[in-house]
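Chemist: What follows is each chain in one-letter form.
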Amino acid sequence: MSFDKIIGQEKVKSKLSFYLEGQHKTLLSPHLLFVAPRGSGKTLLAQTYASQLLNSEGKKRKLITINCSTLTSLKAFINDVCIPYVSGKEVTILFDEASEIPSNIRMAMLTILNPNKENKNEFTYDDVTIEFDYKKVTFLFATTEAHKIFHALIDRLERIDLEEYSNEDLGMIVQKNINSLISSEAMKEVKQVLRGNARKATQMANHISLYLGSYDKKSFDIKDWHDFQSKLGINPLGLNPMEIKILKVLRERPLTTLTNLSAKTQMSRQSLQRDAESYLQKLNLMEILATGRKITHHGRQYLESLK
Amino acid sequence: MQKKPVHKRHVVIKMSDLNKMFKENDVIPIPKGFVKDIAYMLSVHGVSLEELNKEMVSVDEAETESEVVADIVSEVKVQITETSFED
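Going down the list, the protein sequences come from chains U and H.
Read in order, the letters of the first sequence correspond to residues 0 to 306 in numbering that gives the first Met the number 0.
Read in order, the letters of the second sequence correspond to residues 0 to 86 in numbering that gives the first Met the number 0.
Be aware that one or more of the hints could be misleading.
Unchecked claim - Simulated pairs of lysine-lysine, DSSO-like, Cα-Cα distance not exceeding 30 Å: (1) LYS76/H to LYS134/U; (2) LYS13/H to LYS74/U; (3) LYS306/U to LYS19/H; (4) LYS10/U to LYS24/U; (5) LYS35/H to LYS88/U; (6) LYS74/U to LYS35/H; (7) LYS135/U to LYS76/H; (8) LYS59/U to LYS76/H.
Stated by the list, open to error - Sample of chain H residues at the chain U side, in silico, Cβ under 10 Å: (9) HIS9; (10) VAL77; (11) PHE84.
Simulated from the structure, these hints should not be mistaken for laboratory data.
Everything numeric in this text was worked out from a predicted model, so none of it was measured.
A virtual CB, placed ideally from N, CA and C, is assigned to each residue, including glycine.
Construct the entire structure; sequences and hints are all you get.
Modeler: Here it is, written out as structure tokens:
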């Protein structure tokens with residue numbers, strides 16, 4: 000695995016390549032925290048970085064990926080992760096969904112990652128003492144919710160914030176994952192509905208391949224796009240039906256409270272704020288004022304275009 | 000401590016070995032899922048778990064107990080993926 004195969008994220012790739020160069024000479028890599036929205040490729044980048052870290056024999060180190068939502072106790076961390084995979088071994092540990100790390104493990108990580116000249120720390124639990132030599136062990140963390148991670152732990156990590164994907168990057172991701180040709184006109188439309196999300200671009204490529212395969216086609220043009228769009232119910236700008244419903248509710252009055260919006264859409268306030276409103280605001284289709292929610296001129300135009 | 004596997008989810012331990020670890024008056028937290036079985040077996044010998052737990056379980060201790068139980072129960076659940084990158 001190498002960074003060349005990853006589209007976009009040039010600054011991040013350049014920073015990571017710099018760390019890798021250092022690791023290949025000194026065996027030391029900073030412990031990294033990858034932060035980005037869902038579907039941006041944090042885990043892929045972290046895995047690609049890990050795949051290039053070397054051990055003292057110049058061979059590639061093993062990667063252990065932990066789904067942090069299953070990491071429930073310090074005892075489990077020591078017994079299931081540290082003793083079998085870290086003690087006396089050379090390894091990279093990736094904490095995926097790192098915001099889910101329980102507080103007692105977080106506190107243990109503060110000791111384990113405490114920076115010092117020797118680049119090693121010891122951690123004792125019950126009667127077991129484990130040595131963490133940074134020349135042998137590198138910790139990587141990936142999360143969408145950096146604010147949920149304890150600040151003292153963030154201080155011990157090198158933070159890698161992923162950049163937003165441009166429409167061009169997303170188009171390249173789609174094209175890379177399809178073996179057929181997409182016309183530029185069709186590609187322009189495809190890019191518009193990917194919501195700036197790299198995972199969505201990969202999913203879109205898979206759907207287009209499926210469409211082309213089922214009709215025995217070798218290329219995808221604008222006519223195919225319209226047919227494909229109507230079959231899958233894809234809305235302009237990639238909005239989902241709930242987001243369109245929100246815009247329609249907002250159109251009814253000059254200002255709407257969150258409670259009212261929640262009652263009319265049958266969605267919880269939290270879900271509205273977390274899942275629906277942020278994308279509508281990003282596209283400037285609605286705005287949130289101190290007195291309530293409001294549809295914008297762009298939002299009205301969008302609803303008009305659906306007719 | 001001598002252990003002998005009898006089932007993929009169980010190991011057996013000699014009582015004489017356990018006695019080396021615990022004293023007569025020690026109190027051992029038991030995961031709540033096992034309480035019914037143990038209570039039934041002890042009742043045959045005229046021992047009740049209830050009396051001891053009424054005396055002992057204050058709010059703070061209940062919290063500690065649930066943490067210990069969580070610790071024991073969670074041991075096998077960590078989802079780990081191992082990846083090798085050898086050429």
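Chemist: Decide, hint by hint, whether the structure agrees.
Modeler: Here's how the hints hold up against the structure:
1. About 29 Å separates the Cα atoms of LYS76/H and LYS134/U, which keeps this hinted pair within 30 Å; it holds.
2. Between LYS13/H and LYS74/U, the direct Cα distance comes to roughly 24 Å. Compliance with the 30 Å bound is thereby established for this hinted pair.
3. Distance restraint check for LYS306/U and LYS19/H: the Cα-Cα separation of roughly 80 Å exceeds the 30 Å cut-off, and the hinted pair is therefore not satisfied.
4. With a C-alpha separation of about 22 Å, the suggested pair LYS10/U and LYS24/U falls inside the 30 Å cut-off, and the hint holds.
5. For the proposed pair LYS35/H and LYS88/U, the alpha carbon gap of about 43 Å is over 30 Å, so the pair is violated.
6. At most 30 Å may separate the alpha-carbon atoms for a hinted pair to count; LYS74/U and LYS35/H meet this at roughly 26 Å.
7. The straight-line distance between the Cα atoms of LYS135/U and LYS76/H is roughly 26 Å, inside the 30 Å bound, and the hint therefore holds.
8. For a cut-off of 30 Å, the pair hint linking LYS59/U to LYS76/H stands: about 28 Å separates their Cα positions.
9. Contact between HIS9/H and chain U, as hinted, is not supported at the beta carbon level, the nearest pair being about 18 Å apart and thus beyond 10 Å.
10. Nearest Cβ of chain U to the Cβ of VAL77/H: about 4 Å, under the 10 Å cut. The hint holds.
11. Taking 10 Å as the C-beta cut-off, the interface hint given for PHE84/H holds, the closest approach to chain U being about 4 Å.
The earlier numbered hints that this structure contradicts are 3, 5 and 9.
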